[in-house]
Structure formats: structure tokens, C-alpha cells
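Got chain A; can you put chain B on it based on the hints?
In order, the protein sequence lines correspond to chains A and B.
Quick note on full-length UniProt numbering: the first sequence kicks off at 1 and runs consecutively.
Quick note on full-length UniProt numbering: the second sequence kicks off at 1 and runs consecutively.
Derived from the structure by calculation, the hints contain no laboratory data.
Ideal Cβ placement from N, Cα and C applies to all residues, glycine included.
Hints may be right or wrong, so weigh each one.
[To be verified] Looking from chain B toward chain A, a few residues come up when the C-beta cut is under 10 Å (computed):
id, residue
1, N222
2, G224
3, A251
4, E252
5, L389
6, R391
7, K395
8, Q398
9, T400
10, R406
11, A428
12, M433
13, C434
14, S443
[Stated by the list, open to error] Straight-line Cα separation of at most 20 Å, SDA-like style, residue types lysine to any residue; simulated pairs:
id, chain 1, residue 1, chain 2, residue 2
15, B, K395, A, Q57
16, B, K425, A, Q99
17, B, K409, A, V93
18, A, K373, A, Q354
19, B, K230, A, D91
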Amino acid sequence: MDDLEKELNPREDMENDDDDDADDSCDNSSRKEGSSFKLDLIQPICQKTLHENGFHQSVRLCLEYIREAMLHHRWLEAAEYMASYAQILEDRVNLTAQQYKELVWRISTEILHHHPKSTMDDYNVIYERMKHSGFKHYLKISLEHSFHLMLHGQIEAAKQKLSEAESWRHGKETTSQYQMTKLIQAYRSLLDYIIWYEKKSMLSGNDSFESDSQGMQNYYRQASINLKEILSNPGVWDPFILSYVTMLEFKEDQEEALEVLNKYAYDDSFPPNPNAHVFLYQYLKRHDASQKKLKRVLKTLHFLVPSHELMLEYFSLLLQSGSKKDHQKAVEVVLDMLDFACWRSNLDVWKCLQNSIQNLQTGEDWKSFVEEKMAVRKEWWPALHYTKFHAMKDSEENPELLKVKASLISALCPDRTLKYSVELESCQE
Amino acid sequence: MDEEETAGYSEPCAQCAAVDWGLSEEGRFFCKSCHNVIERTKEVMDLTFIQGANRISTLGRKSKTETAGGRHTWMVCEGFQFILMNQADALLRLGVHPHFKDGVLRQLWRLYLQKSRQAYCVNRVRSAKFRVGDADSDSDSAAEASVASASGTDGESNPCSSPSSKGGSDWSGSADSLCYLTPRQRRSHRLLSLKKTLALIHLALVWSREALTLSDLLGLVNCGSVPYVKAHEQLPEQMKLFGKDALLFNAETVPSHRSLHKEAQDLLLFLQLPAFPPISQQTLLHPGPLSLRYLIDANLPGELHRWVCRVAELAGLFHESSQTFHPESQPTLPRYDLQAAALIIVTMKLLFGLDDHTEWELSNNARSTDGEGAQFNLRRWYKLMQTALNRAQQKRDQDTARRQWRAKKPIFMRKKEKWWIMKKKRVAEQLQMCFEKLSSQPSGPKDVTTSSFKFCWGEQKGADGPSLHHTLLDGVVGLKDDLLTPHHHSYWHSSLRPCKPRCQNHFTDLKNTLPNSFIWLLELFCFILDVKPSCLYEEVLSVERRVFAPPTDRARLRNRTETRTRHSAQTSGES
Chain A
1 MDDLEKELNP
11 REDMENDDDD
21 DADDSCDNSS
31 RKEGSSFKLD
41 LIQPICQKTL
51 HENGFHQSVR
61 LCLEYIREAM
71 LHHRWLEAAE
81 YMASYAQILE
91 DRVNLTAQQY
101 KELVWRISTE
111 ILHHHPKSTM
121 DDYNVIYERM
131 KHSGFKHYLK
141 ISLEHSFHLM
151 LHGQIEAAKQ
161 KLSEAESWRH
171 GKETTSQYQM
181 TKLIQAYRSL
191 LDYIIWYEKK
201 SMLSGNDSFE
211 SDSQGMQNYY
221 RQASINLKEI
231 LSNPGVWDPF
241 ILSYVTMLEF
251 KEDQEEALEV
261 LNKYAYDDSF
271 PPNPNAHVFL
281 YQYLKRHDAS
291 QKKLKRVLKT
301 LHFLVPSHEL
311 MLEYFSLLLQ
321 SGSKKDHQKA
331 VEVVLDMLDF
341 ACWRSNLDVW
351 KCLQNSIQNL
361 QTGEDWKSFV
371 EEKMAVRKEW
381 WPALHYTKFH
391 AMKDSEENPE
401 LLKVKASLIS
411 ALCPDRTLKY
421 SVELESCQE
Chain B
1 MDEEETAGYS
11 EPCAQCAAVD
21 WGLSEEGRFF
31 CKSCHNVIER
41 TKEVMDLTFI
51 QGANRISTLG
61 RKSKTETAGG
71 RHTWMVCEGF
81 QFILMNQADA
91 LLRLGVHPHF
101 KDGVLRQLWR
111 LYLQKSRQAY
121 CVNRVRSAKF
131 RVGDADSDSD
141 SAAEASVASA
151 SGTDGESNPC
161 SSPSSKGGSD
171 WSGSADSLCY
181 LTPRQRRSHR
191 LLSLKKTLAL
201 IHLALVWSRE
211 ALTLSDLLGL
221 VNCGSVPYVK
231 AHEQLPEQMK
241 LFGKDALLFN
251 AETVPSHRSL
261 HKEAQDLLLF
271 LQLPAFPPIS
281 QQTLLHPGPL
291 SLRYLIDANL
301 PGELHRWVCR
311 VAELAGLFHE
321 SSQTFHPESQ
331 PTLPRYDLQA
341 AALIIVTMKL
351 LFGLDDHTEW
361 ELSNNARSTD
371 GEGAQFNLRR
381 WYKLMQTALN
391 RAQQKRDQDT
401 ARRQWRAKKP
411 IFMRKKEKWW
421 IMKKKRVAEQ
431 LQMCFEKLSS
441 QPSGPKDVTT
451 SSFKFCWGEQ
461 KGADGPSLHH
471 TLLDGVVGLK
481 DDLLTPHHHS
491 YWHSSLRPCK
501 PRCQNHFTDL
511 KNTLPNSFIW
521 LLELFCFILD
531 VKPSCLYEEV
541 LSVERRVFAP
551 PTDRARLRNR
561 TETRTRHSAQ
571 TSGES
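Chain A on its own, in the form it takes in the complex (with noise of 0.2 Å):
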């Protein structure tokens, strides 16, 4: 009936209606105007439209009812709602029909994350429908199927998905995901990657490691073309290195696997990550590299994260290597770990940073240096350190950590008198 009005030219009709149509949406207190079929703008799904037929307002009271359902965690109800609410995508009018489809999928999805009987199958039917009922979202829906099933431990069946997906094509879409189409391929090596991990670590106990070689050949090659080639784009691979790198090294390609990394940490067009350095120095580590390589490796990862884990080692590389400059240096590292909270608390710290000035004190001049560093700190660091309440907390929790930094009160703030010599004195009597 609608489809009559629609079909037939609007306008001669719109006479004779004008008075049953105009008295239907009194309640919207507008004029009909014009055809039936304006074309809607972009608005908000529950949203009342004007010439809502039937059909529309049970779908959108449906889609109310789910939104109430899930925002109050009543996911049997929303379960029901659903089941009513899957023939919005029998809709005839196509403008639309990409966000409805899309809000079914996530909506589905999500509803069968929280619902108490949900199985796999159930996932499988709604991502398989959802995957091929559209164009545009092909790839997306494919990509979080698959993760889906990552994440449950079917790797085989994730991998078969994503092969699946790599080669699909469709025109215009192709080019306009080109990303989505880069990501799959990327874990698609993954998964590549960890089906041969998995395959070695089994077959690592036999002696016959050549069973199966093809197999795992053919896995390794797959795997490490599309690493590389993913690994050549700029961006945060973290796990697609990692697993690269382990490949490599299995193969004992030392040259290939330096190259990369270093590549991933110095390349300029890769944005800034503390993790490529923090890679080549454990790579780099492994493999015995002299001790200049690895101070070279950490000093950049100092510029980036003062406070990383990592400094500690940085630290005692200085130390070892003997030169005025570099306990300098160790000594300016630590300073600026501890101006991080995390380490406030953290005894081998300050430990390490008694050990340097104590070492520092065997030279000359020590106090103009150490001064010069504490100009920049000298406003905050007290409070951040040596204030009465830390002077309390440090006594009851850990006595040590408060007798090495009362030790280092006339070192680092020889002009201060602060609270927490204070309270120590008072502690002590």
C-alpha cells in the first residue's frame, strides 16, 4: 500500500490525502510537504521520521526495547527483542541499510557475549550471515571473526577465515579498505607464525625432525613473505616482529633479523616506540653484543622512557665501564628515574644511586656536578621525596629505604633542612 503511494506520483494524490494525512500527523505539528519519499538526512535510529509506516515503528519500538535491555544487562530480554527485531533487514528501502546492518552485527555480538547459552555456533551462524550479507563490511566482520575464534583457541579455523577473506575481491571496495585488507594479511602471518610455533614445540621432542618438513617449510615461508613485506609499512607491529625475529633466529638468519629490528627502531618514518629499542637491545642481548652496542641501544631508549625498567641495566653498563663520564652519567640516569613515582618507593634504586654518589665522591668535584643536576629538581624533588609523610610511611614499611635516602639528604639538598631528617632524629629518640 505504501509502495502504491510511492509509486504512483505523489502529487496528484496529495490533494485528495492531504486532509487524512495532515490530521494523521497532527501530532507532528508540520505540514505535509511535498513527496513521500524525501530522502532522509543522516539521523539518530530511534528517532521518530515522519510518514513512519507500520512496519518502521514496530522496528524502531523493537531497537528501543534492545537498547533498554542491554544498558540494564537484561540479556535474556534483549536475546528476545532481537529474535523480533532481524526483519529490519528485509527492508525494502536500501538507504540505510548499511548502518542497520552494521548495528545488527554489533548488537548480535554483543548480546552473545553476555548471554549464558550462547556457543560457538551461534557466533559462527551470526558472523557467516552478517559477513555476506554486505559489501562494505566483508573484511571488518572477517577480521573480528577471526579474533573471535583466536581468542577461543581455533586457530585453524581462524587462519581458514582469513585466507578466505585475503582473497576476496570486489572492485572499488578492494581499494577503498586497502588497510583492512593489509591487516588480515598481517595476522594472517600471525597465525601462520603460531601454527608453526606450535608444530616445532611438538615436534621438538622427537629426534625425526624432518616428518612433516613440507608442512612446516610451507608454513614458514608463507609466514615470514608477509611478515617482512607488513614489517616494510610503517606503523606498531609489536607481536608481528616479535614473532619475525623468533623465526629468523630458529633459521639463524642473524644478519636478516638485525637489519629488521634495527630498521623497526630506527627508521624515522616509524613512529617513535620505546618497544623496537627495547627489542634490539634483548635481540642484542642474546646474541652477546659488545657492551658499546648495548649502552648505544639503551642511551636511545633513555631519551624516549627515563623511567623504563630497562635503566637499571643501563646503570650498572656504566658503572662497569670504568670512565669519569660514564658514572656521570649513571648517576644522571638514575636521577631521572626517581623522578618518576613509580620508583619512589623502590629500595634498589636508591641503593643504585647511593652506590654511584658514593662512587662519584671518590673523584673530585662531585659536588658541583651534583649540584648542577639538582638545579632543575631542586623546587620539587623534596616534596616528592622527603616530605614528613613519606619520612611516617618509609618507617613502618620499610626502615632500610628510609635510613639510604636520610644518607643522601646532605648529598643531593645539602642547604635544605627538611622534615624528613627531622622526624628521622625524632624517630631515633
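Same frame as chain A, but now just chain B:
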């Protein structure tokens, strides 16, 4: 096991020429006699897939010779006739007297077909392309068509130039839906539509003086007891629906009370019907019995009925000549349900004031509210009614939300859209099945009951509350000069001057100025009748206009209705 899976493949093996295939673990075909593995693989099908779900199903172009055997050509009016009769049968199943269908409805249908020149006439409306063998014999038999003879009547008129065998815009299942939709036809408003069938049914019901009002009929349509939205599913198998038929037979909305009444009115004029059988006080459509029914439903005291009848007399609506359609004296079809509700509202206004002040004072003065001689207490009634109304309103909204509008066999407008409509349908169905399984409940409204009463009052289980039907109006009316008069002496009303004919309804503008009790009462009856408040408000105004008509008008009314009104209610309004 292998045989089942490889059963379809019967090529001889390349090496040994035997046809003995098996399936390896990886899904490849191998010859059992020589173990030759071939390239063919059995595709791993996801069990949750329906076979061929994602593949385009081929649309066979049936050759012209096949149309005679496979599909039958049929006319649009035949289709609507089936639907009409199905709807009438549904009503008969609900208890309407059979005379309604056989005696009244069929006659009206034939009259309609005759007047709109679709059948029973000499110069039938038809397109140039559609050649009919014999006009007279066709028109006689068209209306009598039963399922078996549907093929027979039109069998000989299966022309090569039939529109149904062509693709493109002429493509439709029925033979004449295209000519049905020409501009000329549209302008003449003789188009058959689902709304028209309902309007016909309403007229037939009024004629046979059944107790179903228009709002009852719409209520039955909404809950699915009377087929409307999916009516085309009940057409016989031989009638294939596609193409332009979609415009005529698809329904995505149920018409509103107002639009259906207008349609019925237009139909009345078009058919030039004579005067209807009189609606007397015994008929259930008359304001007398109908208002009693609404009083019971709204849990109001039965004593009010006497006052309602008195107000109806005052308004000149009590006499049967004002309730019965007559081409000269009463050319508009009365809206019985709205009228009765409006009368009740006016009576309530009269007795209780409904100005947010008087009614509460009166209820403060009410004595004990239980047992014999209990008095009607408006406040108590309001509380009971409000909770019941909220509950019922919520249930109605939930049922609306769950309602399923899509038919199992959709009608395709264009050939090329068939496959993606079916695909969408499959997706929706799968989704629905998945969630139905999860919630272990079928989709669709729960616990649908067909009852003309919206509320249930009494002591039994499941009732909405105690019944106040027996309570007395002692606090509200009293004896004065041996006449029962209300204690409340004034009456308020909005401006009664009717606006220019094409003016919009003013309810939305006035809503903020009207007293809340009045608005609430309006909304209560709007829920019971399922109409918009503005419609009911209009009706209330028109009743008030009749009651307070100036003397000249009232004389006219008096002459017309031939009733002597007795002003037993003291009013001070603008007279």
C-alpha cells in the same frame, strides 16, 4: 559413506575407466580401483550454511507456452475477492452472524464491482492488450470464481500478448494490474486496495448491525485475527504474485481510524447506497448500549449510564434517525465508537467538572468506599485506572515492537531484485532462528488475546482491579425538587466555533491549556479505542456543539430528530 558424497559424480576414471570414486581425508576424489587422485575436491561446506545460500539462484525464463499450464492468469479483482472473503471468514470464526457475509458483503462487493466497471457490466474496464473472448460470460463468471474454476474462466484468454510474459515494467502476476494503475484509473479513485476491502467490511458490518465498531475491527486487524498485512499469503497457489502486484498487495501499515473512516465514507457515496437498516436502541452500535460497554470497560459506575443517555438526548444523538445513515437526512456515516466515548467524556465533565479542582473536592467528600451502598470515589478510580492503563499501554507497545510484518513469500517488484530479496530474507530468517533458539521463545507478540474489552475488572485471578460498577453516585448527584441533579453547577468547554473547513485540528496547540484530568480521560479512551487524542477531542467538541447549539439550531435539530429534549441537567454555558 563415500557413495553418498561422491554420488553425483559419475565420470569414468582417466586411468582405469571405472566409476568408483571415494573421498580422501583432505576431501579429494580418488578412484578406488587404481587410487588415482584427481583434482576434483569436495568443498567443505560449513554446516550452518544452507545449500547454495550465497549463490545466485537462476531465474528461469518460462517460455510462453508454459504459461498456460504452470501459471494461471487472474484479475486483480479476483485476488481482492479472495482476500475479502478470507477476512469475512475470519470474522465469522470470531462469532459474527453468517448473514453478514452471504447476505450483505457479497451484495456490496458485486455492487462495487459493477459501479467501478470491473465486472457485472457491459463495458468493462480493460487494457487494449488484454483480449477477452466474451465480455458477458467473463463478467458473470468472474465474481463466482472458486479455486477450482479460477483456471477455467481465464484459460481461454491466455493471449500471446499477455503482459505477464514480458519482462520489464509490464511484468506482473495478475493480468490487469498494469492497466489498473494507469493515471486515469488513479484519478477516479476506484482503485481496489486493501484499505478498500476493510472499508467494505466495515460498511457491511454496520449494515448488518453487528456489534463490531471500526476500532474493534482495526484492533482485530492489528492482532492478526483478521488477515491484512499477510493477506496475500492466503491466496491460492495458482495465483502467482509479482511485479506490479506488489504495489497492490503489499501492506506495511495498518490504516488509521480516521483514514479508514474516510475511505468508508467515500465508498458510501460512490456506491450510492440507500438508507441503512435503522440503528435503534437495541442495536449494539447505538450510543445507549455502546456507552454502557465502554463504561464497563473503563470501570465507571453503571449509574452513569442514565446520565450518558440523557446527554445523548440533549445532543440529539439518541434517536435512531441520527444514528442511521440516510442519503438525504444523514449523509455522513457516524463514528459510533468515538461518539459513545465523547458522550461519556461530556457526562463526566458535567458531573465531575474535570477542571483539576472540582473532581478532587467531590471525591474528598465521598464516604466509605466498600460494601453495600459504596460511593464512587473518583480518586480511587483514578489510581486503579492509571496502574491498569500503564500496564496495558506497556503491553501494547511491546506487542507492537515484536510484531512481524514480513510475509514468507515476498512479492517481487522487479525480476532482478528477486535474488537479493530472497538472500536478505534468508539472512533475516537465520538470525531469527539463532535468537529464537537462544531465548527459547518464538518471535512475535506474546499471549495475543482477541477481546473487545481492554481491561478486566473484578475479583477473579488476572483481573486489573476491583470492579466499581456497582458504586453509587451519591456524592455527585442529589435530589433537588424531586429531580436528580448534579451537585456541580458549572460546565467549562473550549471554543465551540467550528474552524474553517480545511483548518487543522487545534488539539496540540490547546493541550497545554486544558486541565490535566480532562487530558488524562481523553487519553484513557484513546487507548481503549486506539485512536489519536486529537480525533477524540474533535468528537467531544462536536457533541458539545450539539448540546449547546443556539435555539435556532436546536429547533432545527429538534425537528430533525423529532425528540423533545428535557433539560434536566442544569448547565450554564453559552446558549
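A quick look at each hint next to the structure:
At about 9 Å, the closest approach between the beta carbon of N222(B) and any beta carbon in chain A falls short of 10 Å, and the interface hint on this residue holds. The beta carbon of G224(B) comes no nearer than 12 Å to any beta carbon in chain A, farther than 10 Å, and the hint placing it at the interface is violated. At its closest, the beta carbon of A251(B) sits 5 Å from a beta carbon of chain A; the interface hint therefore holds under the 10 Å criterion. Annotation: E252(B) was flagged as interfacial toward chain A, and the flag holds, the nearest CB pair being 4 Å apart, inside 10 Å.
This hint is violated: L389(B) has a C-beta 18 Å from the nearest C-beta of chain A, more than the 10 Å allowed. With its C-beta approaching chain A no nearer than about 16 Å, R391(B) sits outside the 10 Å limit, and its interface hint is violated. For K395(B), the interface hint is violated, the least distance from its beta-carbon to any beta-carbon of chain A being 12 Å, above 10 Å. Annotation: interface hint on Q398(B) holds; nearest CB of chain A at approximately 7 Å, less than 10 Å.
Nearest Cβ of chain A to the Cβ of T400(B): about 5 Å, under the 10 Å cut. The hint holds. Among the interface hints, the one on R406(B) holds; its C-beta lies about 5 Å from the nearest C-beta in chain A, closer than the 10 Å criterion. Evaluation of the A428(B) hint against chain A yields a held restraint, the C-beta minimum of about 4 Å falling below 10 Å. For M433(B), the suggested interface contact is upheld, since its CB lies about 8 Å from the closest CB of chain A, less than 10 Å.
With 10 Å as the threshold, the beta carbon of C434(B) comes within range of chain A, its nearest partner Cβ sitting at about 5 Å, so the hint holds. With 10 Å as the threshold, the beta carbon of S443(B) comes within range of chain A, its nearest partner Cβ sitting at about 4 Å, so the hint holds. With a C-alpha separation of about 15 Å, the suggested pairing of K395(B) with Q57(A) holds against the 20 Å cut-off. Only pairs whose Cα atoms come within 20 Å are accepted, and K425(B) paired with Q99(A) is accepted, the gap being roughly 17 Å.
Between K409(B) and V93(A), the direct Cα distance comes to roughly 18 Å. Compliance with the 20 Å bound is thereby established for this hinted pair. For a cut-off of 20 Å, the pair hint linking K373(A) to Q354(A) stands: about 15 Å separates their Cα positions. For the hint linking K230(B) to D91(A), the alpha-carbon distance of about 15 Å falls within 20 Å, and the restraint holds.
Taken one by one, the earlier hints fail for this structure at numbers 2, 5, 6 and 7, listed in ascending order.
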